[in-house]
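Enquirer: Next come the chains, spelled out residue by residue.
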Amino acid sequence: MTAPSRVRPARVAGGVGDSTLRPDGIPKLEGSFEYAQDLWQEGALWGATTRSPHAHARIVAVDVSPALSIGGVHAVLTADDVPGSPTFGLEHSDQPVLASDVINYWGEPVALVAAEDRDTARRAAAAVKVRYEILEPLTDPGEADTRDEAFRRIRIRRGDQEASGPVVVEGYYETAMQDQAPLGTEAGLAVPDGQGGVDLFATSQFLHVDHEQVVASLGLSADQVRAHPTGIGGAFGSREDVNLHIHLCMLALRTGQPVKMVYDRSESFTGHVHRHPARMWYRHEANRDGTLARVEARILLDGGAYASTTPAVLANASYFAVGPYKCDSVAVDGVGTRTNNPPCGAMRGFGAVQVCFAYETQMDRLADALSMDPIELRRKNALTTGDHFATTGQIIETPLPTVEVLESLAAMPLPADSESDLLPGGSGLTTEARHVMRGIGYAIGIKNLGFSEGFDDYSQARVRLAGSGAVVETAAIEVGQGLVTVLAQIARTALGISDVTVEHVDTSRIDSAGSTSASRQTQVSGGAVLKAATTLRDRILHHHDGDDLTDQGVLRNGDVIVTMGELVADDWQETATFRHPPTTAPDEYGQGKLHADFAVAGHRAVVDVDPELGLVRVIRVDTAQDVGKALNPEAVLGQIEGGIMQGVGLAVMEELVVEEGIIRNPNFTDYLLPTILDAPDVEALLIEEDGSWGPFGAKGVGEPPTISSTAAVAAAIRAATGKAIERVPVRPQDIAL
Amino acid sequence: MEVSMTVNGRAVSADVEPRTLLVHFLRENLRLTGTHVGCETGYCGACTVHVDGKAVKSCTMLAVQAEGADVKTIESLASNGNLHPVQEGFWERHGLQCGFCTPGMIMASVALLDENNNPSEDEIRHGIEGNLCRCTGYHNIVRAVEYAGAKMRGEEPPPPDWEGGE
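If you're matching them up, the sequences are chains A and B in order. Each residue of the first sequence is one higher than the last, beginning at 1 in this note's numbering. Each residue of the second sequence is one higher than the last, beginning at 1001 in this note's numbering.
Note that these hints are calculated values from the structure, not bench results. Idealized CB from N, CA, C, for every residue including glycine.
One-sided excerpt, in silico: chain B residues whose CB lies under 10 Å from chain A:
#1 1031
#2 1032
#3 1088
#4 1090
#5 1131
#6 1135
Computed beta-carbon distance windows for the label pairs:
#7 70/A / 1070/B: 31 to 39 Å
#8 80/A / 1002/B: 39 to 47 Å
#9 1013/B / 434/A: 53 to 61 Å
#10 1010/B / 509/A: 37 to 45 Å
Only pairs whose alpha carbons sit at most 25 Å apart, straight line, appear in this in silico SDA-like list of lysine to any residue:
#11 1151/B / 27/A
#12 380/A / 165/A
#13 326/A / 172/A
#14 1151/B / 32/A
#15 326/A / 593/A
#16 1054/B / 27/A
#17 380/A / 404/A
#18 129/A / 119/A
#19 1054/B / 1075/B
#20 1151/B / 1161/B
#21 1054/B / 1129/B
#22 1151/B / 23/A
#23 629/A / 1092/B
#24 629/A / 689/A
#25 723/A / 369/A
#26 629/A / 1091/B
#27 1151/B / 19/A
#28 1151/B / 21/A
#29 1054/B / 1008/B
#30 629/A / 1160/B
#31 129/A / 53/A
#32 1054/B / 32/A
#33 1151/B / 1129/B
#34 326/A / 454/A
#35 1151/B / 26/A
#36 629/A / 1161/B
#37 326/A / 690/A
#38 629/A / 1159/B
#39 1151/B / 1052/B
Put together the whole structure using the sequences plus the hints.
Expert: This is the structure in structure tokens:
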């Protein structure tokens, strides 16, 4: 038998490149989509958590009897009740499931309650009597650095360390602690299986690693715990770490009943990690023609009480400290400190955001010092394919259209002077139009896609024929970004079949898809779906000696020889695991092929400022973004518009105010999120280029919109006011005083 | 204490604690979980429902304050499998991502369009400024409401931004 000549799948409706509508859209619009908050089972109990009111203390005694004596309370658990590993952690198992001895941050969990209704559970949690000996908290990260309280230190040295340039700019910059603030708080339901095991349905971004940590702390075998995907009300990094997962399972196993838990907003602010606040010292030296001769940086991120992802966030901040620029003499020292502040970890942009604000401010200052156009300075130093990455030395192998991003951004039309009906200050209406100054600022940023530093980053997916088409099975978490849409699109195009749905399956039914983070799911889980679907199509065609697969079935010379119904009856399926190109761990100088892929994006912000009142309104943010290939252009634009909004938030309003380790604004009244009246207009250009290893050349698109939008807004405020603007968010007093 | 009201056209009554919030009554007593709780402080609007035709944040109201009222939640909007024009607008114009704010956004938008079915972009923004979205940047939400307004006026909705050129 000769191999048939196979045709590539014809263009399939709803395939890659279409702005397909979301399959989860209708239930979300009708109110029938089941979020973790909505889960319920007859007989379920409500869980609640007793938390420390101190940032640092020794636990002298815990008395649970006042809680237990409340009617309707079924269980009160403390550290002594943790059956397995007393600690958990995403990368380092250093965080107590329940504090037993020392409290290290404000809001640290001490005890758990299960009761017949929510209010009783909360009352009982408050009734647990904990005697504390209050200790002096370590809250100054600079002092933590001095005391060598560090989760990680990174030292990068590349090139001639004696190199120098005649034009020097130095600066010190700070970024505040930002919260992901997804609208859905942490929530879940744990259901005991009656045989000592448990099924967990809880908010997550990384199902299999939740599962590992839950199994370890419950002291069970892996197959006794099943972690199930559930409906998620946004994430942005806040759901990468375990929070209520182990607690729910402990309560369910102890009581033998399903247990539900939903954090309220203020508990959510202590229940998840935040974006690291940063302190950054920079020195840029340039030649007279503007080329960078040397960049030195010292970067301090405060990790707070426990490790979470601080080592990896610090790595990103350090490796991306120079930005998308060429430079052959670099020295970067990074430290992630351990303090008694709230733990910090993943948030969209993951370390690349903080340094972008610093290096882009430096580039503007350098342009000033050189009397050069800031775009021209950036173009002159732009990092592109084939160049050595300034910090790690690795050669950029995938397309990096930095120059195209800069040039398209600069060429986009600017808004007319009159374009803004709203004045700075919102509904207060205290600003007068004649006081308003307009400013324009540019910034570009770069970030890695997928996991770095030698991490074995993979995803498994299964494609099987079922119903009247195909089903994609994955444990990859949809957080709202549109993963279910794009995985189906990839499968449609690869199979040649239009009827494709995506089914989320639990940890017992498929291997890990990795985390929904690092802008990686479209590339990595998408890669797994592409591989499984392509292989499945080839196997089916080979088996039936066909030359095409369509919704009708297998075709040969244009005739259906096997119907889709017959194929489905044969239970065709293929499971595939995709790994991105391998990376290496850094050597002692931070050198190596640390990253698998990069994306670059640029932003131009236009702001109106009332310099007397210190009020800012961001009028417009235009952007050009390197996307590889836009698999769903409208979904990409949605990521861009939403990501810019979070960048604008960090630039002008979002800050968790922490005093002596205590969050002073853990609610939406005092932690300001951008409203629809704060939202700037956005024009976006998608820069497409072949060559990334993602499916059909796609790059991850979720984080780049958040990297340089903050820096662009800060630059625009600087242009409007002439103020130095060395800290974000920019507060009224930073402008008016 | 005893409370009675009409919810989505159905007469309901229950014995609730006086402090029970309307949103908890809807979600827990009636299992109408399309109305979401985002902040409990009346700030985010995820819990927006209609009480006697007005958009209300149901976390700021006690269930007993709705005694005798006509309450409508997101679950009441679609009829016989047909989406309400506002739901259709959010669907057609990519007005949602995670969807958690969406029911409240939609209820606020319906109340806005019930009063003014031809709002300007500024009127749309002011009309739903009490509802937060963390995913979309709001752009497509404005487009969704414009789409719905056109449909409710019997006009052709404006084409999507992504059609007809860069």
